[in-house]
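A.B. asks: Listed below are the residues making up each chain.
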Amino acid sequence: MLEIRQLHKSYPIGDSSLHVLKGIDLSVEKGEMVAIMGSSGSGKSTLLNIIGMLDEADEGEYILDELPIKNLTEKKAAVYRNKFLGFIFQSFNLINYKSALENVALPLYYQGMKRKERLELAMFHLEKVGLADWAKHLPKELSGGQKQRVAIARALAADPKLLLADEPTGALDTKTSHEIMDFIQHLNDEGKTILMVTHEEDIAAMCKRNVRLRDGVIIEDVKVEQVRAKLYV
Amino acid sequence: MFDLDLWREIFQSINMNRTRSLLSGFTVAFAILLFAILFGIANGLQNTFQEAFGTDANNSIIVYPGRTTKAHKGLQVGRRIQFKNEDREFLKEKYGDKVQFITSKVNKSVNASFKGEKNNYQLRGIYPEYMFIENNEIKEGRYINQNDLKHKTKVVVIGKKVEDELFFKETAIGKYINLSGIQYKVVGVFTDDEGDSEESIIYMPITTIQRVYGNNDLVDLLHLTYNPEMNSTEALAFGVSIEKSLKEKFDVARSDQRAIRIRNMAQGTQQVDMMTTSLSIIILVIGFGTLIAGIVGISNIMIFIVKERTKEIGIRKALGASPRSIVSIILLESIIITAIAGYVGLLVGVGVLELATPVLKDYFIKDPGVSNSLVAGATITLIVAGAIAGYLPAKKASQIKPIVALRND
Numbered sequence: 001m002l003e004i005r006q007l008h009k010s011y012p013i014g015d016s017s018l019h020v021l022k023g024i025d026l027s028v029e030k031g032e033m034v035a036i037m038g039s040s041g042s043g044k045s046t047l048l049n050i051i052g053m054l055d056e057a058d059e060g061e062y063i064l065d066e067l068p069i070k071n072l073t074e075k076k077a078a079v080y081r082n083k084f085l086g087f088i089f090q091s092f093n094l095i096n097y098k099s100a101l102e103n104v105a106l107p108l109y110y111q112g113m114k115r116k117e118r119l120e121l122a123m124f125h126l127e128k129v130g131l132a133d134w135a136k137h138l139p140k141e142l143s144g145g146q147k148q149r150v151a152i153a154r155a156l157a158a159d160p161k162l163l164l165a166d167e168p169t170g171a172l173d174t175k176t177s178h179e180i181m182d183f184i185q186h187l188n189d190e191g192k193t194i195l196m197v198t199h200e201e202d203i204a205a206m207c208k209r210n211v212r213l214r215d216g217v218i219i220e221d222v223k224v225e226q227v228r229a230k231l232y233v
Numbered sequence: 234m235f236d237l238d239l240w241r242e243i244f245q246s247i248n249m250n251r252t253r254s255l256l257s258g259f260t261v262a263f264a265i266l267l268f269a270i271l272f273g274i275a276n277g278l279q280n281t282f283q284e285a286f287g288t289d290a291n292n293s294i295i296v297y298p299g300r301t302t303k304a305h306k307g308l309q310v311g312r313r314i315q316f317k318n319e320d321r322e323f324l325k326e327k328y329g330d331k332v333q334f335i336t337s338k339v340n341k342s343v344n345a346s347f348k349g350e351k352n353n354y355q356l357r358g359i360y361p362e363y364m365f366i367e368n369n370e371i372k373e374g375r376y377i378n379q380n381d382l383k384h385k386t387k388v389v390v391i392g393k394k395v396e397d398e399l400f401f402k403e404t405a406i407g408k409y410i411n412l413s414g415i416q417y418k419v420v421g422v423f424t425d426d427e428g429d430s431e432e433s434i435i436y437m438p439i440t441t442i443q444r445v446y447g448n449n450d451l452v453d454l455l456h457l458t459y460n461p462e463m464n465s466t467e468a469l470a471f472g473v474s475i476e477k478s479l480k481e482k483f484d485v486a487r488s489d490q491r492a493i494r495i496r497n498m499a500q501g502t503q504q505v506d507m508m509t510t511s512l513s514i515i516i517l518v519i520g521f522g523t524l525i526a527g528i529v530g531i532s533n534i535m536i537f538i539v540k541e542r543t544k545e546i547g548i549r550k551a552l553g554a555s556p557r558s559i560v561s562i563i564l565l566e567s568i569i570i571t572a573i574a575g576y577v578g579l580l581v582g583v584g585v586l587e588l589a590t591p592v593l594k595d596y597f598i599k600d601p602g603v604s605n606s607l608v609a610g611a612t613i614t615l616i617v618a619g620a621i622a623g624y625l626p627a628k629k630a631s632q633i634k635p636i637v638a639l640r641n642d
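Just so you know, the protein sequences line up as chains A and B, in that order.
Everything in the first sequence is counted per my numbering, starting at 1 for the first residue and increasing by one.
Everything in the second sequence is counted per my numbering, starting at 234 for the first residue and increasing by one.
Hints listed in this document are in silico derivations from the structure and should not be mistaken for laboratory results.
Accuracy of the hints is not assured; some may be wrong.
What the hints assert, rightly or not - In the EDC-like style, the derived pairs of lysine to aspartate or glutamate whose C-alpha atoms are separated by at most 20 Å in a straight line are: (1) 128(A) x 61(A); (2) 83(A) x 190(A); (3) 22(A) x 61(A); (4) 634(B) x 74(A); (5) 70(A) x 58(A); (6) 628(B) x 74(A); (7) 327(B) x 481(B); (8) 140(A) x 541(B); (9) 116(A) x 127(A); (10) 303(B) x 476(B); (11) 634(B) x 55(A); (12) 477(B) x 322(B); (13) 544(B) x 74(A); (14) 136(A) x 238(B); (15) 477(B) x 319(B); (16) 629(B) x 74(A); (17) 383(B) x 450(B); (18) 116(A) x 238(B); (19) 634(B) x 189(A); (20) 114(A) x 238(B); (21) 544(B) x 55(A); (22) 634(B) x 56(A); (23) 98(A) x 541(B); (24) 480(B) x 238(B); (25) 383(B) x 397(B); (26) 98(A) x 238(B); (27) 629(B) x 55(A).
Starting from the given sequences, assemble the full structure and let the hints guide the process.
C.D. replies: Shown next, in the form of structure tokens:
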């Protein structure tokens with residue numbers, strides 16, 4: 001469902017430029033759960049940004065669900081992001097003056113869904129992450145784990161083809177991290193394709209496939225035996 | 234642009250940042266407040282000017298005859314020019330539409346008495362149109378009419394002061410007043426808001442006065458109003474043209490300054506017009522200045538808001554917000570703050586003017602006020618101003634890259 005061929009990306013730094021991605025080939029099937037690993041500066045976040053259409057590659061092909069992603073206008077990119085992708089961020093990125101429910105409903109708002117409908121659907125997703133009772137609360141009234149669950153509900157709201165997570169457990173303690181991972185594994189069990197950037201080995205071990213980057217190239221791409229987060233919860 | 238959800242988004246954002254919204258609104262409110270007060274004061278000054286010139290039709294032209302000071306066409310210096318009834322007809326015919334009302338006038342001074350009361354008043358023989366030229370108002374009874382003119386009836390219309398002095402508390406209507414030995418029936422009492430001296434006058438049909446005093450068709454002066462659609466320049470030219478044609482008619486040298494004189498109110502009107510025009514220009518410049526200061530203020534704060542909301546805008550974009558929806562959020566927020574704050578400023582300004590009216594009267598500022606059309610104009614201006622103020626920040630916001638906004642730092 002995701003095809004990347006010979007992807008290059010460099011950033012200008014002063015007069016010279018920094019070559020961050022040096023020819024990435026990656027193919028992800030539907031239902032996979034992939035951890036993209038590497039130390040900082042390895043290019044893993046850049047790769048995720050390109051996949052998330054938040055950034056554009058200089059060279060190479062990127063095909064998402066048979067749709068070539070290239071030379072998108074801002075408007076088109078917005079529509080694609082909304083339709084195909086769900087984002088989960090390390091710092092949650094909830095809108096602080098909107099309630100949990102409104103945060104979850106936001107992608108649906110940008111789809112043009114009617115208010116009543118989208119609040120209902122948002123409620124359904126909040127229930128799914130077990131936060132129905134917190135629907136009216138503002139993000140600052142929620143714990144880190146709860147915030148991340150709201151963010152997951154929001155990522156799921158628009159029923160995206162691909163879930164992108166950037167260090168989803170980076171800001172959480174171990175116990176909460178495992179709860180969140182357990183939840184993400186459940187989503188994967190239900191058939192969601194998940195792509196996750198992490199530098200934590202134990203989190204990567206909870207995925208089904210590990211892709212390791214170093215200096216802008218893939219140095220390892222292996223299927224792993226998934227460790228169920230449930231064991232630690 | 235007008236769906237309910239968008240408005241809900243905007244009001245949520247304004248509401249969540251009350252201090253910030255209040256602060257940005259304050260600049261605009263203050264600018265509009267100043268503008269309203271300035272405008273009101275200018276209006277008040279204008280009213281004072283207008284009042285100073287009285288309610289005489291301010292489009293009137295008076296033509297006085299005199300004596301020639303220059304020999305012309307074999308005629309001697311010092312010849313007296315005498316207008317007659319035909320001169321009124323001559324002007325009326327010659328200028329047609331350009332003349333609004335015209336009367337010839339005979340002035341006398343008379344001793345008037347009623348029962349034991351006596352006094353000296355000015356008597357004027359006039360045409361019925363004179364009422365509109367003087368802007369007299371009938372307090373009781375009627376004015377001189379065409380019928381009086383035709384039949385040379387012995388009727389008079391007296392000023393309110395005359396009534397007060399000769400008739401005490403009684404009504405003068407229907408009574409007979411004695412003017413130099415002849416009885417005239419009082420058919421009307423008039424008032425004139427230019428005061429006592431204008432109300433100490435007795436009017437009589439010009440035909441009557443001409444028959445009683447000399448049985449001739451001589452008149453003392455001509456008084457007319459020009460078509461009010463003329464602007465002051467046209468009116469001045471009209472006055473010159475009247476002077477010229479009368480000089481030709483009476484064989485007066487063109488350069489003779491005394492033989493026929495014209496008093497044209499357009500001259501004063503032109504000066505007042507120029508004064509008020511320059512005053513309005515000054516007010517407009519100051520008003521625009523304050524408004525621009527307000528716009529810049531709000532624009533500044535909106536830029537700050539956009540900076541503060543960079544992350545939020547990034548999130549929205551990552552979730553699928555189109556650049557257009559980002560622009561409308563910022564733009565509408567700016568417009569709403571500007572419009573509401575501006576309106577509050579306007580209301581406060583009008584209120585201040587209202588309260589200050591009695592005090593300002595002492596400073597030659599009469600009835601300072603802001604017209605409805607100005608309020609409507611200001612509202613539209615505010616919306617436009619809000620849009621201008623919000624445009625740059627909104628554009629900036631729509632160009633925010635989500636990747637930059639979402640960096641984990």
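A.B. asks: Hint compliance check: list the failing hint numbers for this structure, sorted ascending.
C.D. replies: As far as the earlier hints go, 1, 19, 24, 25 are violated by this structure, in ascending order.
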